[in-house]
Each structure stands twice: as C-alpha cells, then as structure tokens.
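Enquirer: Sequence:
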Amino acid sequence: MELRKERGLSQATVAKDLNVSLGIVCYWETNKSDPTAHNLAKVARYFNVSSDYLLGLSD
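The numbering of the sequence shown is my numbering, which starts it at 1 and goes up by one.
Read the hints as simulated data drawn from the structure, not as lab findings. Cβ coordinates follow ideal geometry from the N, Cα and C atoms, glycine included. It cannot be assumed that every hint is accurate.
List of simulated lysine-lysine pairs, DSBU-like, C-alpha gap at most 35 Å [stated by the list, open to error]: (1) 5 <-> 32; (2) 32 <-> 16; (3) 42 <-> 16.
If you anchor each label on the Cβ, the simulated ranges turn out as follows [claimed, not checked]: (4) 6 <-> 52: 15 to 23 Å; (5) 19 <-> 51: 15 to 23 Å; (6) 12 <-> 59: 17 to 25 Å.
All chains, please: the whole structure from these sequences, using the hints.
Expert: The following block contains the structure:
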C-alpha cells in the first residue's frame, strides 16, 4: 500500500496492471491474504523493488 500511495496509484490501477482482481489487491493491503509467490514476483517487478523488501526482510 505504501508503494502504491507514494506513486499516486489507485488499487484499481495496480490490479489492472498486475492482471489480478481489485479484491485481491484490497485483501493484500488489509492483510486478509498473502500474494502467491508468482504474484509477489509480479508486484516486486511492478514497483521495482525486491521480494525481500516486500516481505520486510530488507530495507
């Protein structure tokens, strides 16, 4: 959510760009579900960060 907001993107835009549902993005952001490894990689590439960063394992 932080990366999305920093870039001024809506949840709908991110969902469309990642080819996932808006509900999935909402669930990720509210910690109701975790992305699959495949989707985690897509999010990391989309925001140009590492998966470790997204998982809170690096700064």
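Enquirer: Which numbered conditions among the earlier hints are violated in the structure presented, ordered from lowest to highest?
Expert: Violated hint (a single one): 6; every other hint is consistent with the structure.
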